[in-house]
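Novice: Sequence:
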Amino acid sequence: MSFKEPEPFIEALIFASEKSISAEEIQQVLAEFSEEEQISIATINALIEQIRQKYLDLNLAIELVHLNGGYQFLTRKEFYPVINQLQIQRSRKKLSQAALETLSIIAYKQPVTKLEIEQIRGVNCDYTVQKLLEKELISIAGKSETVGKPLLYATSGLFMDYFGINSTKDLPQITELVSESNVIGDQSE
Numbered sequence: 003m004s005f006k007e008p009e010p011f012i013e014a015l016i017f018a019s020e021k022s023i024s025a026e027e028i029q030q031v032l033a034e035f036s037e038e039e040q041i042s043i044a045t046i047n048a049l050i051e052q053i054r055q056k057y058l059d060l061n062l063a064i065e066l067v068h069l070n071g072g073y074q075f076l077t078r079k080e081f082y083p084v085i086n087q088l089q090i091q092r093s094r095k096k097l098s099q100a101a102l103e104t105l106s107i108i109a110y111k112q113p114v115t116k117l118e119i120e121q122i123r124g125v126n127c128d129y130t131v132q133k134l135l136e137k138e139l140i141s142i143a144g145k146s147e148t149v150g151k152p153l154l155y156a157t158s159g160l161f162m163d164y165f166g167i168n169s170t171k172d173l174p175q176i177t178e179l180v181s182e183s184n185v186i187g188d189q190s191e
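Here my numbering is used: the sequence shown runs in plain steps of one and ends on residue 191.
Simulated from the structure, these hints should not be mistaken for laboratory data. Here the structure is a predicted model, which is why all the values come from computation and not from measurement. Note that CB positions come from ideal geometry on N, CA and C, so glycine has one too.
Quick list of in silico lysine-lysine cross-link-like pairs, BS3-like style, CA-CA up to 27 Å: (1) Lys96 / Lys171; (2) Lys21 / Lys96; (3) Lys151 / Lys133; (4) Lys111 / Lys21; (5) Lys137 / Lys79; (6) Lys133 / Lys116; (7) Lys171 / Lys137; (8) Lys133 / Lys111.
Distance ranges between label pairs, derived from CB positions: (9) Thr170 / Glu147: 18 to 26 Å; (10) Ser169 / Arg54: 18 to 26 Å; (11) Gly124 / Asp59: 51 to 59 Å.
Can you make the complete structure from the sequences, with help from the hints?
Specialist: Below, the structure written as structure tokens:
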């Protein structure tokens, strides 16, 4: 098969991908089906930009977004309230408060051991970590060099996709999250 017009194939790959897909992954897939020479990354990136512009020009409910080192079609931000309502109605298993706290610790401290998480939270987190692994929001990032070589946990690519960020650098800084209502006593002390 030859790709006289590779743009629709690239658009289809991005659309069909359940998570963000990189230009390199697109190049590899197209190379498997092409009888011609491989399409360059620069050409793929230029075509992706054309696709992105097309979706901007058409003023559709979806847009092409660069996310987590790849590309993904997402609903435009102005439609988030209605999509959020749908998710609320369909959501049977939200993340518990314990899961959110554990996920936050992992996101900000990664890579982190279960013991470190438990020391911060003050409670056992075996069940919560297992549930986050099952939901693929975190992954095992290796083993610590400390005694017993405990597993290290970090956020996953799905975490990045789910929260709409490219990297953990996009997370709010702790100072941004502190409000005056969270402060006890006089600030000058």
